[in-house]
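Colleague: Chain order of the listed sequences is A and B.
As numbered in the numbering used here, residues 1 to 256 make up the first sequence, in order.
As numbered in the numbering used here, residues 257 to 509 make up the second sequence, in order.
Hint data in this document are derived by calculation from the structure and do not stem from the laboratory.
Accuracy of the hints is not assured; some may be wrong.
[Unchecked claim] Using 27 angstroms as the maximum straight-line C-alpha spacing, the simulated DSSO-like pairs for lysine-lysine come out as follows:
#, chain 1, residue 1, chain 2, residue 2
1, A, Lys57, B, Lys411
2, A, Lys103, B, Lys423
3, B, Lys264, A, Lys128
4, A, Lys132, B, Lys315
5, A, Lys57, B, Lys416
6, A, Lys184, A, Lys104
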Amino acid sequence: MYIEVRDACKHFIQDGKEFIALDHVSLDIEKGEFICLLGPSGCGKSTLLNALAGFEKVNSGTVRIDGKEVTEPSISNITIFQNYGLLPWRNVLKNVELGLESKKVSKEDREKISKKYLELVGLSGYEKRYPKQLSGGQQQRVAIARGLAVDPDIIFMDEPFGALDAITRMKLQEDILRISKEEKKTIIFVTHDIEEAVFLADRIVVMMTDPGRIKSIVKVPLGAHRDRTGEDFLYVRDKIFELFNIKTEGFIEYYI
Amino acid sequence: MKKLLSLKNVIVSVAILILIWQLLFSVSNYDKALFPSPKMSFDALIEMISNGRLFENIKTSMYRFVTGYFSSVIVAVILGLILGRLPKVFQYINPAIQLLRPISPTAWMPFIVLLFGIGDVPAIVIIFIAAFFPVLLSTVSAVGNIDQTYLKVSKNFGIKQPELTWKVIFPAAFPQIANGIHLALGTAWIFLVAGEMVGAQSGLGYQIIDARNNIRADILLATIIVIGMIGILLDGLLKLIEKLILKSWGGVE
């Protein structure tokens, strides 16, 4: 299996109490899959993502990518953050070139590659702008272009559209779905938005809280072009709703 | 329009100051030689300008100031960038800094004069000390306050030292560092005069001592005004540089 999580456990000490973020989590992901980690805050979805991306280590169990144990972040697996992580003192082009600089790509090639990916995310002509001059959605597009520019195998996205307004979010969802098919990347996407997960994922990993664990994994048999109001879409969405409903009444109240 | 308004403010403010001075001069019974009028001080200023002494002293003082201030800023920023990344080490260094920081740089003066003699060096050392701690501490705290996302992104994209420092950490911390550098300018200028009053035979600070020794209160007051004006000019100049750098740093102000 391409990505392999076996019996991963992770706990934190919070206010003197032990908090179990991951409780014996196992998960297999194939190359090229679009996976959404879905669940409420505290279900360990971000912890799992951080463990996969190499920012945090699990206390026990193993996390392997392509057969190799994950110990630190790597330039072949790029993480996109909710707050974009653009460097405000660099203009858009220079931001996209950031990763290429460490890969020792020549100056001309850096510019060529960066412009190509800026075009892909629909930001041609914005090269000389600074992040502060862009809207949140545009900034996240720059971050996506910067990630794609180093040609990673996997893209991790940690609630990347959480800070955006609903309409911008839908646009970006469409774009990331298109890009994931065009560029054939494996994408692991953390969200707490059920519709977002149904719209994007090949498989949805539904997680539950206290302790953080996988409740079930739902296949989304909807193909590449998805209609948010289509019957199939609503059917899958309802299935996920049910999954959360089964848990407890109070939980749903908090969630919706 | 805004500039014109602020110019009006300056003129009115200075006029009030001179008026109060003139008033105090008129009602007080002090000897004219001890408490001169604005007019007398102005004449003394003209005298100093025309005999070249003022510019000679300004030149000497500026040399000391620029040397002390910039060497201090450079050393403090470099040290701050290193210590900011080593919070565990800084925990052991910080208490010593906190012990040394509240000591007025002038308290070191006798010691510095004993070691270095009279001349340029004591004034430079005083300015160095005066600027050092504010810049060092603001740099350490700026580095500690960097958005963790920048560091995560750098790690993810394989940016390692020393690139990490000059590509990410320094620019990310720069606005807060610039704040410390700016604050230190005022402090350093204040201590230049103190340093020259004790440890030098030239410069604006010495000119004050010299005026006192010759009981030339008019020269003394004129020098004080010149010191104040240069302080304002330096501050304005730094503000301008800061603005230019920050503008290129973030695109928009």
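Colleague: Among the hints numbered above, which are violated by the structure, and what are their numbers in rising order?
Modeller: When the structure is compared with the hints, numbers 3, 4 turn out to be violated.
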